[in-house]
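When you get a sec, could you build the whole thing from the sequences and use the hints?
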Amino acid sequence: MGFSGPLVPRSAVVPRFSRRPLGARRLDEQLKALADEHVRGRKQTELLVKALRKAQVRGQWGELQLKRAVERANLHVHCDFDQQVHLDGDDGVQRPGHGPCTSAAATTS
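Note that this note's numbering has the sequence shown beginning at 1, numbered continuously upward.
No lab work stands behind these hints: they were computed from the structure.
As the structure is a computational prediction, the values presented were derived from the model and not from experiment.
A portion of the hints provided could be inaccurate.
To be verified - Heads up, simulated BS3-like pairs for lysine-lysine below, C-alpha to C-alpha not over 30 Å straight-line:
{"hint": "1", "residue 1": "K32", "residue 2": "K43"}
{"hint": "2", "residue 1": "K67", "residue 2": "K50"}
{"hint": "3", "residue 1": "K67", "residue 2": "K54"}
As the list claims (entries may be wrong) - Derived DEER-like restraints, expressed as beta-carbon distance ranges:
{"hint": "4", "residue 1": "L52", "residue 2": "D28", "range": "31 to 41 Å"}
{"hint": "5", "residue 1": "P9", "residue 2": "L34", "range": "35 to 45 Å"}
{"hint": "6", "residue 1": "A69", "residue 2": "R25", "range": "43 to 53 Å"}
{"hint": "7", "residue 1": "P21", "residue 2": "N74", "range": "52 to 62 Å"}
{"hint": "8", "residue 1": "R25", "residue 2": "L52", "range": "34 to 44 Å"}
{"hint": "9", "residue 1": "R53", "residue 2": "A73", "range": "24 to 34 Å"}
{"hint": "10", "residue 1": "N74", "residue 2": "R25", "range": "45 to 55 Å"}
{"hint": "11", "residue 1": "K32", "residue 2": "H76", "range": "39 to 49 Å"}
{"hint": "12", "residue 1": "G23", "residue 2": "C79", "range": "33 to 43 Å"}
Positions of the beta carbon are idealized from the N, C-alpha and C atoms, including for glycine.
Here's what the structure looks like:
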């Protein structure tokens with residue numbers, strides 16, 4: 001058994017089959033972009049976790065969450081509630097019916 005016809009150099013045939021279709025290249029680019037975004041998201045999550053370990057940041061985060069919850073209940077800042085109010089009364093207690101309610105968020109470590 002023999003070959004009938006001219007022999008073609010391997011270098012002329014291999015590149016033709018090793019090229020990937022355009023759709024596959026685009027998919028590779030999208031997968032790489034997705035992997036890069038995943039790494040960025042993971043780094044941001046780590047930074048958030050580190051920040052929330054600090055009491056000051058936890059307190060600010062808690063205040064923000066409380067404010068959002070109260071606003072979802074259709075209450076408005078300075079009309080229905082105030083934040084970080086310091087009472088100067090004799091006993092430091094706010095009585096019902098004497099102005100808006102006071103919100104305060106506290107966290108424990």
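Results of checking the hints against the structure:
1. K32 x K43: holds, 17 Å
2. K67 x K50: Cα-Cα ~23 Å, so holds.
3. K67 x K54: Roughly 20 Å separates the two Cα atoms, so the pair holds.
4. L52 x D28: 31 to 41 Å: holds, 37 Å
5. P9 x L34: 35 to 45 Å: holds, 39 Å
6. A69 x R25: 43 to 53 Å: Holds - the Cβ-Cβ distance for A69 and R25, about 48 Å, lies within 43 to 53 Å.
7. P21 x N74: 52 to 62 Å: holds, 56 Å
8. R25 x L52: 34 to 44 Å: Taking Cβ atoms as reference, R25 and L52 lie about 41 Å apart, which means the hint holds.
9. R53 x A73: 24 to 34 Å: holds, 30 Å
10. N74 x R25: 45 to 55 Å: holds, 52 Å
11. K32 x H76: 39 to 49 Å: Between K32 and H76, where Cβ atoms are some 47 Å apart, the hint holds.
12. G23 x C79: 33 to 43 Å: violated, 57 Å
Comparing the model with each numbered hint stated earlier shows that hint 12 is the single one that does not hold.
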